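Undergrad: Next come the chains, spelled out residue by residue.
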Amino acid sequence: MTATTAEAATRVRKSFRPSWVDLFLWAIRIGAIVIIAWGLIGSILNFAAGRGLSATQWRDLIVAALSQGAMYGLLALGYSMVYGVLGFINFAHGEVFMSGAMVGFIAANWLFDAGIWAANPILSLFIVLVVAMLTSTLVAILVERVAYRKLRGAPRLIPLITSIGVSFFLQYTFAALFGVAVRSYPQVPESFRGALNIGGFRIAWSSVLVIVVAILSMIGLWYFVTRTKSGQAMRAVAEDKEIAALMGIDVDRTIVTVFAVGGAMAGVAALMWAILFRGVNFFTGFLPGIKAFTSAVLGGIGNLVGAMGGGVLLGLFEGVGPLLILGGLGIPGVSQLKDVVAFTALVLVLVFRPSGIFGERLGSEDRV
Amino acid sequence: MTAATVDAAAPRTARFDVRRLLRYSGLAGLAMVFVAATGMLETFNNRLLIRPILSMGYLILLSAPFVMGYLVGKRTEIEGVETAPRTSADVVLAIVAGLIAGLITALFAALVDTFPGLRGTFPRMGPQMVSLLTFDRGVGIGFLILPAVAAVLGALGVAMHWLSDRLRKALGVGALTVVSTAIFESVVKDVFDWFSTLPRFLYHTAGGLSVVSAIVLFVVAAGASFFLQGRKVPGLGSLTSADTGERRRSSLIAAAVVLVLTIVLPQLLGGVLNELLTNVGLFLLMGLGLNIVVGYAGLLDLGYVAFFAVGAYTMALLTSPLSAVPFQLNWWQAFPIVLLMAALAGVFVGTPVIRMRGDYLAIVTLGFGEIVRYLFLSDWLSPFFGGAQGVRRIPGIPVGSNEIGGSDITQFVYFTLFFVAIAAYISWRLQDSRIGRAWAAMREDEDIAEAVGIDTVKAKLLAFVTGAVLASFAGALFAAKVGTVFAHSFEIIVSIIILVVVIVGGMGNIAGVAVGALVLIGVLGGPNQPGLLQEFGEYKLLVYGALLIFMMLQKPEGLLPSARRARELHQEEYLQDAWLDKEGRFVGQEQEA
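If you read the protein sequences in the order shown, they are chains W and U.
For the first sequence, the positions run 0 to 367 when numbering that gives the first Met the number 0 is used.
For the second sequence, the positions run 0 to 592 when numbering that gives the first Met the number 0 is used.
Chain U extracted, bound-state conformation (with noise of 0.2 Å):
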């Protein structure tokens, strides 16, 4: 980095850096090699987004030299000092770098075309692969469409710094829109059920948005993006601004909205989309459960699907008239025990772990949530358990005189909705409480913590109790709508994707969390419900992984942050930049001379 700021003082030439040049070529060639090797191509290619140009798998492959070229061209600002200027070399950078790409790519569909044997080790890399690589062309010329579309989208990636930024922010909301209206057809369609014309001119016949509906939509968002821009209009944007005033009226304005839709929107969706919001719900409240222990106390529980399962479990064996329990309750009745038993459950699981550093009570809840998980499979405990059948038949949830199951989802989303406002509510009235700024002190620093006072076992032990209460409403909530509770909904894939979602959407936060699960668990799927996108299915925790490294690296304070958090993550970034003034001039100086 160095380097490239001294670059800033030097003269402006134009350089051409080959080094760069081939770092640049090799990753994208790598990410596209990658997408067509995993069969990610040819899975997303059925998935198509505007029929008949654009599929899902082109968009994947496509978006590695864009995003490439737009790289190239970007300009980071480090300790104040921008580093060397744009010039034509970038460009000439990008398109030489996407050809190469290209190249990289096209070499790989020709090994992969000269030896068929490969298909035997690798089963993605077949000849519809191939086909699919050099766009139906036949294996002669097509090796050449590749590199070429790669070397234009790469100058288009670097073009768009040339654009004026409201310009290129305009562009991008326009294909942010036209890709998710695509995504979201399902929704959209169910939604205006009633006004069947919109979905009509949106959306083609076999699915997909047709060209025409795509332009229009780009063309209306994009100009709206560009018009409205720099005007104030309150929505979601300003809920991560620091100004505390306005960060609560539009969380207002946002819970208002939210509000609103939860009581307007089941009765609109059909059916499928229920079941999604349902389950969108049940990771919700285990995100804001997690949320307390990971976020607020900064404990990294590992283990958090054992919770859930302890809630499902109680629930079944209460429940159910096959279970080993001699006598029988309704859900309410069973509920307060649930929570009881999922309060004991953290207590034995957390009081082990309290005086364990932070990574290794990581490991040992990740732990406890296998015993757990073995123990409710195992045969020795089966009478009780049901070993691999798991409890069956437990009943719905009663209201009056009729039972809401998973087959009534359309009033069961109510339910699951009602418990994720009482969570929310929990964890919005601890956050700032006495025991909320003590966790938050404790995970800031747990030396200090303890010497002013705060007890930081009760403490620990509190968010165990509280993360695992509010599993345990997911868990309740989970049994009464499969009718069936076995011990494979409870891997520890269940407690990763749990993290995730408060990750990605931003640890700390309500409003993050709820987010991350709408657009993980909603548009990707959980680990055994399939999301928006079906056709994720088995890259799913691909996906999952390479979200949680991307964000730990580039983001870690999620897409929604809270702002304590956010200054926590970065506080060496703040301290070293409170060296420098705007213009990047040491601030001590003046003082001294």
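Only chain W is shown next, with the shape it has when bound in the complex (with noise of 0.2 Å):
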């Protein structure tokens, strides 16, 4: 009898037997945690001897990385709507961010010179917030007409690699339009530069001005995705086309619809980048591109509370992580391994949980 059990057993433990694949990916994972709270630790013991940072300038740190975070998110919203509903990687959607960023820079720069921006700050904003929001829009809706409509129904790596000739397209159309050197927005208004008190808390008023703008375009964004026609089209044609076509839903509208509303959410996020960092060029789209993709998985892609979520997490793992982790290692210039933070985050990501943080919604074809 026990020698059955243990029979039993073995040939249980056997058919169970992780393969080498599976011992990498967990020495991997093991090793991400024990640098991860080696990092931890040697920071907090730093902390504690009062080397390093401040409690203020963590603050700070946490703050501008926040408020980031937040940026990433709005596009992160654009790569998880294209994705729940299309199924690829729209690696062109920072380039659609960066369109509406250096179009926004033309009317800042306008409105600078004729003296708006000065006399009318909010105004100013507005406009170039419109303009920034119809720019993407409208890029986003051409680059869907123009190059991934044909590509429905195609193996799935065509749609991304043509997304990758799109994004290139327009870096360099981009480039020999408007030149390749950095053009600064005029600097923020007098009264956004001071900073707001908060119950002892001193928050830079642009921080604010850039997470009160996100919440509100994620409150914008609820409010049409569950609550009008449109919205429920989208979802509905997110879970199953061929059935929401037969229901009477219009599907390639839909999907233009998907693409404006991920292009508009994109224009709030150039507005921001140009409070945030005021410098554009050709290749501004690119890197934050990247990055607000890794939010969307880091949420779970095609769940929009996650991508706002995962660019937040994002935000505050790059702003944050250098100096907390890599810092308490003890590894010198870690501002420069801030974008190696990010794309580890990402590795890591996929290596803990594919599905993201919050769960991924993805249509019936996509689902695994």
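Treat the hints as calculated values from the structure; they're not laboratory data.
Keep in mind it's a predicted model, so treat the numbers as computed, not measured.
Even glycine gets a Cβ: it sits at the ideal position worked out from N, Cα and C.
Don't take every hint at face value.
[Claimed, not checked] Below 27 Å or equal to it, Euclidean Cα-Cα: the simulated DSS-like pairs (lysine-lysine) are: (1) W:Lys228 with W:Lys149; (2) U:Lys554 with U:Lys73; (3) U:Lys554 with U:Lys168; (4) U:Lys188 with W:Lys149; (5) U:Lys73 with W:Lys149; (6) U:Lys73 with U:Lys168.
[Claimed, not checked] Some residues of chain U that are not near chain W, with every Cβ distance over 10 Å (derived): (7) Arg18; (8) Ile52; (9) Ile103; (10) Phe107; (11) Leu131; (12) Asp135; (13) Leu143; (14) Glu184; (15) Leu321; (16) Leu328; (17) Ser377; (18) Leu559.
With the hints as a guide, bring both chains together as one complex.
TA: Here it is, written out as structure tokens:
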């Protein structure tokens, strides 16, 4: 009796014997946890010993990271929605964002020259926002019409490769049109340069503005997706294109809506970029684009709340991580490694939890 | 499309379609404005193809209305049914559309002329562009020339369809010969160094074909094409034929020709062109490697440059006297270690991504590529990798008593070509081997491949490792050639350009990748290396992007496709067409009746 149980146990153990790929992945997981823990402990010890950043500096760092994360989140919505509906990574979404930022710059520059920027800052920012949103939306719709529409139903790598082509085409078209130099938005009006005092916390106005805009756009998007006809149509198409078509939904039009909404959100993100960093050139969209995609995966692709949450998390990783973890390990020049941290986060998310923190929501064809 | 099919059955009356007119004229106008606004016209105007009448800039600008006219007259066959027949309305449409497109561009020029302030934001939109668009005839009358020219070209484009197929093809061959002879000017001059009468006849002293030689070339090429058509000429054309026997025969002939050329050509070419040939060779090596990963195994690797970087840095560290490595090897001794490191890198990158969905795999490999570059660049690891400075003073490849590096480019070419030959041989042998067939099965359907007993984990890793090793060939050669390795050479754009080479050439096909590398790297140039058309410099990546989009939309299987790959990509069309016979009737009908 005991012998058979033991035999059965070995048999079971054998059938569950992990392959060496599993072992490798586990080694990565454990290694990552050890390194992160080590770095954290190192940082805490440093902090206790009074070395490194002070508490106020850490807080500022976190607030800055949050506002940047909010920007990633808005961009991530575009990736997430397109992936949810069409099942491919729209690599060119970063360039949609860049186009909004570039054309927004023209508007801002014009407003500055006309004196409106200084006289009426709120109105100026609003005009820049509208211009950036319109541009991004238009570019997103055009790209869908010209490059992606013909490729529905093609093997899934084909639209991905196409979107890489679109990305480079847009980048270098803007480089050729506007030149390659970095252009700076005019300085944010006087009244936004100070800091806001909330219960003893001093938070820079620009960060407050960015976070408020992000929350407002999120609410707007949530209302659109859950409460309007077009939003319902979007969700239906994401679920199953063919059945949605049978229900009388115009699939083509709905997909255009998806790109338009994603583009509009990218336009909002472009304004945030203008407030946070000011400098734009043709390459502005590339890295934020990839990071926003990382955010979308981090939050669970296809999941809109997840995209926003993933963006904020990635902003935190990237803003605080280099100093907190790598600094704790005693690595010099950590600010150079910001992007390494972001990309490592992408790899680790996909190793730890490919379906994201908040769970993915994909159409019937893409579910695995 | 259905509307057009219905039209075919309707009585054949010439109808003038306003929407079509607006679409075509809008697109052509937009294309011309684009060429002007991005500054292409201005930049390429310095490159004269036929002196003094045609520059590269005008060729690009004016090809827009011509292509538009051609498309207006083109009739596509959809599911065996031809759409509406050609009518005289098409000619009118093409002319009017050309006129409108020209007017749009002229309007744009007038706009730029009236608002000189635009130049602050758009550096290209200046008086130079306006004078080119008005053909130097001043602002008033000059605006009328472009619409007239565009209308004529539109008419010419549509007229092409009234010629017989044979004549049309011959004219195409003639035009292509003229343009490519002009583009390859430096090659022709170099190769015919011993017979300088020919280049002296062909080219103007200041560069560019002369008018007489352009006409002669055109007539000769077109005539040859016209009279030789229909006769069987063994050549590259049959490389794509479906008949395996014929394909094999012509492959062998092509291989022999290429072999002879590679032995003779470097001796004839000068330093600049051998440099170019070396670059083509390096990219071809990487293209062949990526072809195994993407073309054979179907894994889209966007961080392929990482393996190139690992190869180059390993070679640099092991051979340079300035590196942190305590001992110093020569190139040959270091080479096996380079391969080993690349293979390890392949395993290290490949393992975490093995279980991922195809598109996640793409983005994660991209991430790996960037991580590798940032690490090589960082201050943290600069004691090993030299940070932004890189690793300097890498010796060349020792042969006998001398070292062959970038300065002895004529000899270096042979090394590059030797490794290209090895890589091509490996690819060729792998293609139909057991693992090659496993890759093909995995590419077509991973689940089914697994179900029939293919170890997909092993197959994927092997693809990554083989690809990595081939890239490290290129990396090792690159280190010896340039003498200094630094992170700037390994940006993401390199990965993308290799991908474009593979896709434009033809995924999964060795000859295709070779053609892709020759045409793209040779003519347009690599990310940091100029090609034959040096003027392309700043527009190179724009063109690469556009090519990628165009190929994916029109011909995803590439210029020289592998037969199997083409079948996979067009599977749906094959299935659709299988329902219909040649006359477009439903095949199932008779059986049902």
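Undergrad: Now tell me, hint by hint, if it's right for this structure.
TA: Each hint, compared with the structure:
1. Restraint check for W:Lys228 and W:Lys149: satisfied, since their Cα atoms lie roughly 26 Å apart, inside the 27 Å limit.
2. A C-alpha spacing of about 18 Å is found between U:Lys554 and U:Lys73, which places the hinted pair at or below 27 Å, so the restraint holds.
3. Under the criterion of a C-alpha separation no larger than 27 Å, the hint pairing U:Lys554 with U:Lys168 is consistent with the structure, at around 20 Å.
4. In summary, the hint linking U:Lys188 to W:Lys149 is not supported, as the alpha carbons are separated by about 44 Å, beyond the 27 Å threshold.
5. For the given pair, U:Lys73 sits about 19 Å from W:Lys149 by alpha-carbon distance, which is consistent with the 27 Å threshold.
6. For the hint linking U:Lys73 to U:Lys168, the alpha-carbon distance of about 15 Å falls within 27 Å, and the restraint holds.
7. The Cβ of U:Arg18 sits about 16 Å from the closest Cβ of chain W, beyond the 10 Å cut-off, so the non-interface label holds.
8. Residue-level check passed: U:Ile52 sits 26 Å from the nearest beta carbon of chain W, beyond 10 Å.
9. Annotated as non-interface, U:Ile103 keeps its C-beta farther than 10 Å from every C-beta of chain W; the closest such distance is 17 Å.
10. Here U:Phe107 stays apart from chain W, with its beta-carbon at least about 13 Å from theirs, past the 10 Å limit.
11. At roughly 16 Å, the least C-beta separation between U:Leu131 and chain W is larger than 10 Å, which holds for a residue marked as non-interface.
12. At the 10 Å boundary, the C-beta of U:Asp135 stays outside the reach of chain W, the nearest C-beta of that chain being 23 Å off.
13. Even its closest Cβ contact with chain W, about 27 Å, leaves U:Leu143 beyond 10 Å, as expected for a residue assigned away from the interface.
14. For U:Glu184, the requirement that its beta carbon stay farther than 10 Å from each beta carbon of chain W is met, with the minimum near 25 Å.
15. Under the 10 Å C-beta cut-off, the non-interface status given to U:Leu321 relative to chain W holds; the minimum distance is some 21 Å.
16. Residue placement check: U:Leu328 keeps its beta carbon more than 10 Å from all beta carbons of chain W (closest about 30 Å).
17. The beta carbon of U:Ser377 sits about 5 Å from the closest Cβ of chain W, which is not more than 10 Å, so the claim that it is off the interface is violated.
18. U:Leu559, annotated as away from the interface, keeps every beta carbon of chain W farther than 10 Å; the closest lies near 18 Å.
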